[in-house]
Amino acid sequence: MRRRFLLMTTMVAGVAIILLTGPIAFTVWRVWGRDLSYLTVRHDMIVFFCLEIIGIVATVTLAVALALWQSRKISAPLIYLAAATEQLGSGTTRPVITPSGIEEIDLVFNEIERAGDRVAGRLSAERQFSADASHQLRTPLTSLSMRLEEIEYLTDDKDVKSEVNACLEQVERLTNVVTNLLESSHHIQAQSEAVALQPIFTQQLSEWARPFALAYRKITFKAGKHGPVLADPRALSQIIATLVENSLRYGKGTTTVTSNAQGRTVVIQVADEGKGVDEEFAQTIFTKGFSTGGSTGIGLYVARQLAQRNNGKLELTQAKPAVFSLVLSALPEELDPAKVLPAGGVIAVGARKRRI
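Reading the sequence shown from the start, the letters are residues 1 to 356 in the UniProt record's numbering.
There may be inaccurate statements among the hints.
Unchecked claim - With a Cα cut of at most 20 angstroms, we get these calculated EDC-like pairs of lysine to aspartate or glutamate:
1) K161 <-> E172
2) K275 <-> E315
3) K320 <-> E207
4) K161 <-> E150
5) K158 <-> E169
6) K218 <-> E163
7) K73 <-> E104
8) K161 <-> E149
9) K225 <-> E193
10) K313 <-> E193
11) K275 <-> E245
12) K252 <-> E273
13) K218 <-> E207
Just so you know, these hints were derived from the structure itself, not from any lab.
With these hints in hand, go ahead and build the complete structure from the sequences.
Here it is, written out as structure tokens:
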């Protein structure tokens, strides 16, 4: 690039010298050693000034033309450089790069290529680790689930059956966590469907009522008057369970889970009566690995990722006391299955239910 600017400057300077000194040399040649009349000298001076003006205009025109030509030669590689950087930032780890012939810009291109290779290697290693860990965890979880079902089948004690059911729900939730991690490693988008919140709330209440009772605390669920939301029911259950577990571990008093319609969205809020979150941690609480002690620091991070995969948003809307808000898209009323499908009996086919 430096050589280009030097060459262009030299060319403009050379042409300017020729065009500006030419009229002077011509005038000196005309009048040197000659006895010329006043009219002849006047005529030569007029010609001199005209040639000077033409030279100045030609020099400026040439300089502008060279500047425009050179700017196009330089701006195109810079535009490609910006596009390659945008590709790398948006997740395309190996942008398509064509050498520009300009040494300085090509050096930046090469560095972007090396950075893309490094990012691709790291992402590949993380995805492979996530997939391997998920596969390794599935086998013992399946065995544990089968063992619990066997205990439930063999016992007649109602308390034991109740505890086994609670354990099975916890194992199922953990299995869903593993499944979500495996899907995340392959960037599989969540499959949204119409989900009624009341059954989700009922299931969560049955799962968390006893742990809260053992901690001498209360938990309440209250669904507002609204239709279903668009979400993956497994992911939605996991997000709510993560927020409730977080409240049980770090909060105090009664934990309240509510849902309310706000325009075209439904907001699910989890709140308690504890001290809340310090202001210094409010901006980093969803960061992967963040923990104030006693946890892995991945629960809220995964919950937010699940919310985003369901086209939702999970935020800490109030720090003291803590209030977490999950915003999901509401199902349009004209698409609500309870209103669109005709009334009738329900038959069960495996795990699915259909109206007839």
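Results for each hint:
1. K161 <-> E172: 16 angstroms, holds
2. K275 <-> E315: Holds - the C-alpha atoms of E315 and K275 are around 18 angstroms apart, at most 20 angstroms.
3. K320 <-> E207: Given pair K320, E207 is violated - Cα atoms ~26 angstroms apart, limit 20 angstroms.
4. K161 <-> E150: With Cα atoms ~11 angstroms apart, K161 and E150 stay inside 20 angstroms; holds.
5. K158 <-> E169: Measuring from Cα to Cα gives roughly 17 angstroms; hence the hint holds.
6. K218 <-> E163: 19 angstroms, holds
7. K73 <-> E104: Answer holds: K73 to E104 is near 13 angstroms, not above 20 angstroms.
8. K161 <-> E149: 9 angstroms, holds
9. K225 <-> E193: 19 angstroms, holds
10. K313 <-> E193: 17 angstroms, holds
11. K275 <-> E245: With a Cα-Cα distance of about 16 angstroms, the restraint between K275 and E245 holds, given a limit of 20 angstroms.
12. K252 <-> E273: 5 angstroms, holds
13. K218 <-> E207: 13 angstroms, holds
Violation of the numbered hints given earlier is confined to hint 3; every other hint is satisfied by the structure.
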